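*Asks:* Sequence:
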Amino acid sequence: MITIKLPTPRIHIIRQLEPIYGNTEAGYIADMVLEKLTGLPKQETRNLQAANLSDKQQLLLEEMLLQLEQHRPVQYVINEAWFQEMPFYVDERVLIPRPETEELVEWVVKDFRTAAAPILLDIGSGSGCIPISLAKKLPTAEVHSCDISSAALSVAQLNAAHLQSIVQWHEIDFLDERYWEQLPVPTCIVSNPPYIPKAGAEEMSAHVVKYEPGIALFVPDEDPFLFYKAIANFAQSRCQAGTLIYLEIHEALAAGVQQALQQKGIQTIEIRRDMQGKERMIKAIRS
Numbered sequence: 022m023i024t025i026k027l028p029t030p031r032i033h034i035i036r037q038l039e040p041i042y043g044n045t046e047a048g049y050i051a052d053m054v055l056e057k058l059t060g061l062p063k064q065e066t067r068n069l070q071a072a073n074l075s076d077k078q079q080l081l082l083e084e085m086l087l088q089l090e091q092h093r094p095v096q097y098v099i100n101e102a103w104f105q106e107m108p109f110y111v112d113e114r115v116l117i118p119r120p121e122t123e124e125l126v127e128w129v130v131k132d133f134r135t136a137a138a139p140i141l142l143d144i145g146s147g148s149g150c151i152p153i154s155l156a157k158k159l160p161t162a163e164v165h166s167c168d169i170s171s172a173a174l175s176v177a178q179l180n181a182a183h184l185q186s187i188v189q190w191h192e193i194d195f196l197d198e199r200y201w202e203q204l205p206v207p208t209c210i211v212s213n214p215p216y217i218p219k220a221g222a223e224e225m226s227a228h229v230v231k232y233e234p235g236i237a238l239f240v241p242d243e244d245p246f247l248f249y250k251a252i253a254n255f256a257q258s259r260c261q262a263g264t265l266i267y268l269e270i271h272e273a274l275a276a277g278v279q280q281a282l283q284q285k286g287i288q289t290i291e292i293r294r295d296m297q298g299k300e301r302m303i304k305a306i307r308s
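Heads up, the sequence shown is in the numbering used here, so the first residue is 22 and it goes up one at a time.
Simulated from the structure, these hints should not be mistaken for lab results.
Given the structure is predicted, the values throughout are model-derived calculations rather than measurements.
Built from N, CA and C at the ideal position, the CB exists for glycine as well.
Be aware that a few hints might be false.
With a cut-off of at most 30 Å between alpha-carbon atoms, the simulated DSBU-like pairs for lysine-lysine come out as follows [claimed, not checked]:
(1) K219 <-> K250
(2) K250 <-> K63
(3) K299 <-> K157
(4) K157 <-> K219
Derived CB-CB ranges, DEER-like [unchecked claim]:
(5) V230 <-> N100: 36 to 46 Å
(6) P160 <-> A220: 38 to 48 Å
(7) A172 <-> A137: 31 to 41 Å
Let the sequences and hints guide you as you build the complete structure.
*Replies:* Structure (structure tokens):
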């Protein structure tokens with residue numbers, strides 16, 4: 022009698038996804054899916070057998086694979102992305118948090134760790150990963166966050182409730198100066214704004230362009246520094262001298278952002294590289 026050895030669920034996932042994502046990325050996705058599906062740590066899912074999955078889990082796994090084969094990001098499939106060691110709910114209403122944004126948060130936390138009751142303003146709430154993380158790591162801070170998208174703010178508020186974080190949310194169009202009076206006068210501004218020129222969409226992965234919200238990604242080709250100029254104007258008109266500004270930037274546009282800020286009167290600027298060696302963050306001081 023010949024015994025046919027069936028692959029483990031992890032191997033099954035990798036085989037299905039490898040043609041699309043490659044072996045390494047397929048393995049990473051398999052670990053995320055199985056951890057979420059079973060509630061078990063990664064070490065235990067590696068050798069998990071198909072027989073260990075219930076009929077419901079096996080059916081759900083196949084449904085997930087169908088979505089992944091359509092390039093839907095795994096974070097949206099499992100409705101979870103980890104940021105600053107915390108699980109955030111995510112779906113197509115918000116961007117998936119990135120590691121470089123964690124580095125931006127860590128920069129702010131390091132600088133404000135000993136500050137007495139700072140007022141922090143995050144511009145572009147998204148999933149809430151930035152303001153929620155700041156509120157958790159800087160418990161004396163008063164944290165505000167604004168976004169034009171009511172759908173995104175619903176996700177951010179959901180995450181704040183789940184993670185027991187206090188953030189004051191503002192639904193406004195930040196590009197419209199008439200709404201600025203609704204915001205606090207901050208001692209620190211943080212933002213990961215839209216900064217990708219629309220023409221750049223052609224070079225981006227299908228799972229990003231097809232599923233992640235374009236309103237949070239793209240700016241007009243003719244004005245790629247739109248949000249940075251608005252943030253600089255806000256700082257100059259509403260904030261006091263010495264206000265710190267932390268910005269995530271496009272890796273190819275650091276010099277352009279620096280020039281845009283300088284043209285608005287902000288002269289003290291530091292550009293920082295991320296762990297990949299790319300220029301992805303700026304710290305500026307309102308003069």
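*Asks:* For every hint, state whether the structure bears it out.
*Replies:* Against the structure, the hints come out as follows:
Pair hint K219 plus K250 holds up; C-alpha atoms about 18 Å apart against a cutoff of 30 Å. For the hint linking K250 to K63, the alpha-carbon distance of about 44 Å lies beyond 30 Å, and the restraint is violated. A distance of roughly 28 Å separates the Cα atoms of K299 and K157; the hinted pair therefore holds under the 30 Å criterion. Distance check on the hinted pair: K157 and K219 sit about 34 Å apart at the alpha-carbon level, beyond 30 Å; violated.
The hinted range of 36 to 46 Å is not satisfied by V230 and N100, whose Cβ atoms lie roughly 20 Å apart. Here the CB-CB span from P160 to A220 is close to 43 Å, well matched to the stated 38 to 48 Å. For A172 and A137, the hinted distance range of 31 to 41 Å is satisfied, since their beta carbons lie about 36 Å from each other.
Comparing the model with each earlier hint shows violations of hints 2, 4, 5; every other hint is respected.
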